[in-house]
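Trainee: Listed here are the chains, written in short residue letters.
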Amino acid sequence: MDIIKTARLTKTYGKARGIVDLDMTVAEGEFFGFIGPNGAGKSTTIRTLLGLISPTSGSAEIFGKNITTQKESILQNIGYLPSEAIFYRGMKVKDILRLSADLRKKDCTEEAKTLCERLQLDTSRKVDDLSFGNRKKVAIVCALQSNPDLLILDEPTGGLDPLMQKEFFEILKERNTNGTTIFLSSHVLSEVQRNCTRAAIIRDGKIIACDSVEVLAKTSTKRVTVHGAVELDRLYGIRDIKSTQDSVSFLYSGNMNSLLEALSSGQVNDLTVTEPDLEEVFLHYYEKDGETV
Amino acid sequence: MTLVKHELKQGKASFLIWTASIGFLLAICIFLFPEMKGQMDGINDIFASMGSFSEAFGMDRLNFGTLIGFYAVECGNILGLGGAFYAAICAVGILSKEEKERTAEFLLTHPVSRIRIITEKLIAVLIQITAMNIIIYALSVASIASIGEEIPLKEITLMHIAYFLLQIELAGICFGISAFLCKGSIGIGLGIAVMMYFLNLIANIAEVADFLKYITPFGYCEGADIISSGSLDGAMVTVGMMLCIVGITAAYLKYTVKDIHS
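In order, the protein sequence lines correspond to chains A and B. Anchor point for the first sequence: position 168 equals 189 in this note's numbering, and the numbering is continuous, going up by one each time. Anchor point for the second sequence: position 198 equals 1505 in this note's numbering, and the numbering is continuous, going up by one each time.
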């Protein structure tokens, strides 16, 4: 069953682009990554799915229900973690958590307690006094305490220290193992590569690639690192060259025989050829007319 | 009623400050009356003969020497302006503050329909205005009783009802405006309240502008008219309540389809 399904989903702001003809599906139980730089349309997509803004055209379904006509029923089973955690001034953490639970008409006391302990969150403090990272923890507990079927996370780790990030992703993996579908929007590619099974890449409001993370990362491009002295000037398909005193590393997408010829005519002390990481692949997807956008 | 409770908690400080301020000023005015009563014989003629100024505040038709005449001018202005300011501020920010303070994302991503949000916020505004008026009414009556004056209950009650309706009308209009706003709102609320107050002053001074009384809710709060007729002007109140309903309807129509930006 598809948990999220969009069909030609479009949102424009007057003449300005938001998202254009977005077709995307997220299956039940998936840990889905949504990758794109700032302004690509990630937040617009999420805000449209959550009903904060209305689509200009196209449609979207979550749990098989229409996002515009069955919004409340959909939101009952969604936990949303915004990129910026902002709460009502003057309220204590425990009051925010209770308000969130009351709005869902659920008693989340036990789950909230467990999550607060794991994330080391003091519920007696006022949200105004909390650091950015601690406010993020409050938002995490709000999103997770009702045990929703779908978690939508927008840049979730901003402000969290590495230990908390680790704990947070452990919680997410446990939830995912128990059947929760997770939609993770991020521009931290290592985060997506480590945790997601499938991902979509968005550029200029359009999905330009959507596949398993392994497939997305697997391109004909290789990262080549040569220790020694070689002449690379006549090779085509070279980019992202990083040179040190006795080595050179570059991404290569040209003819392999040409590469071997160039290497054999030089002095090679050591050679490694590896798959590029997702960061490098991501840049490849964002190259437009020879320039990175 | 989760949101009603939440709004009442959020608005508690503002409610207490406004209620205490208006109540305190009203009580002070009432406590000053016994001292001023003896000096009123001469002053009353002066107040009544200041031309347009007297007309603007209805002082040409009120006897300052009586408690109700004094109450209508002095306390009426405090309750009228103070109540109007509070109602306008309370209503004009109730929807827009979610976007202004960027809490809309938190609220609207919970399983609560926009209709429920509007309704519960409206109920919260009405509860606060009603509670403030009940407290101030009780305080006024108790203050009059404590200075040993006979309580003109019918006139006082009618005046308080009129000011309550004024606040409800302004709140309805400002509530509608709130749905269209994303940022600053208090200035707009105060501006509307002040504009309505001055429209009534103009209507009192110039006969040609008498129609303005049907636009401003201060028109049916005129103490001199209420005391002389012993009732509220039904036509003005009806127009006022219709404006209030228009405001509330506009809020529902706009806010249910409004795009909430971050």
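Don't read these hints as lab results, they were simulated from the structure. Note that the coordinates shown come from a computational prediction; the quantities given were computed from them, not determined experimentally. All C-beta atoms, glycine included, are put in the ideal place defined by N, C-alpha and C. Among these hints, one or two may not hold up.
DSSO-like, lysine-lysine: derived pairs with alpha carbons at most 30 Å apart [claimed, not checked]: (1) B/1344 - A/147; (2) B/1490 - A/92; (3) A/113 - A/26; (4) A/134 - B/1312; (5) A/26 - B/1565; (6) B/1312 - A/113; (7) A/147 - A/113; (8) B/1407 - A/113; (9) B/1312 - A/115; (10) A/36 - A/227.
One-sided and incomplete, this derived list gives chain A residues near chain B with beta-carbon spacing under 7 Å [claimed, not checked]: (11) 96; (12) 97; (13) 122; (14) 190; (15) 192; (16) 193; (17) 251; (18) 254.
Trainee: Now tell me if each hint is right for this structure.
Mentor: Verification of the hints:
{"no.": "1", "hint": "B/1344 - A/147", "result": "violated, 52 Å"}
{"no.": "2", "hint": "B/1490 - A/92", "result": "holds, 26 Å"}
{"no.": "3", "hint": "A/113 - A/26", "result": "violated, 37 Å"}
{"no.": "4", "hint": "A/134 - B/1312", "result": "holds, 24 Å"}
{"no.": "5", "hint": "A/26 - B/1565", "result": "holds, 23 Å"}
{"no.": "6", "hint": "B/1312 - A/113", "result": "holds, 16 Å"}
{"no.": "7", "hint": "A/147 - A/113", "result": "holds, 4 Å"}
{"no.": "8", "hint": "B/1407 - A/113", "result": "holds, 20 Å"}
{"no.": "9", "hint": "B/1312 - A/115", "result": "holds, 16 Å"}
{"no.": "10", "hint": "A/36 - A/227", "result": "holds, 16 Å"}
{"no.": "11", "hint": "96", "result": "holds, 4 Å"}
{"no.": "12", "hint": "97", "result": "holds, 4 Å"}
{"no.": "13", "hint": "122", "result": "violated, 10 Å"}
{"no.": "14", "hint": "190", "result": "violated, 22 Å"}
{"no.": "15", "hint": "192", "result": "violated, 20 Å"}
{"no.": "16", "hint": "193", "result": "violated, 18 Å"}
{"no.": "17", "hint": "251", "result": "violated, 50 Å"}
{"no.": "18", "hint": "254", "result": "violated, 49 Å"}
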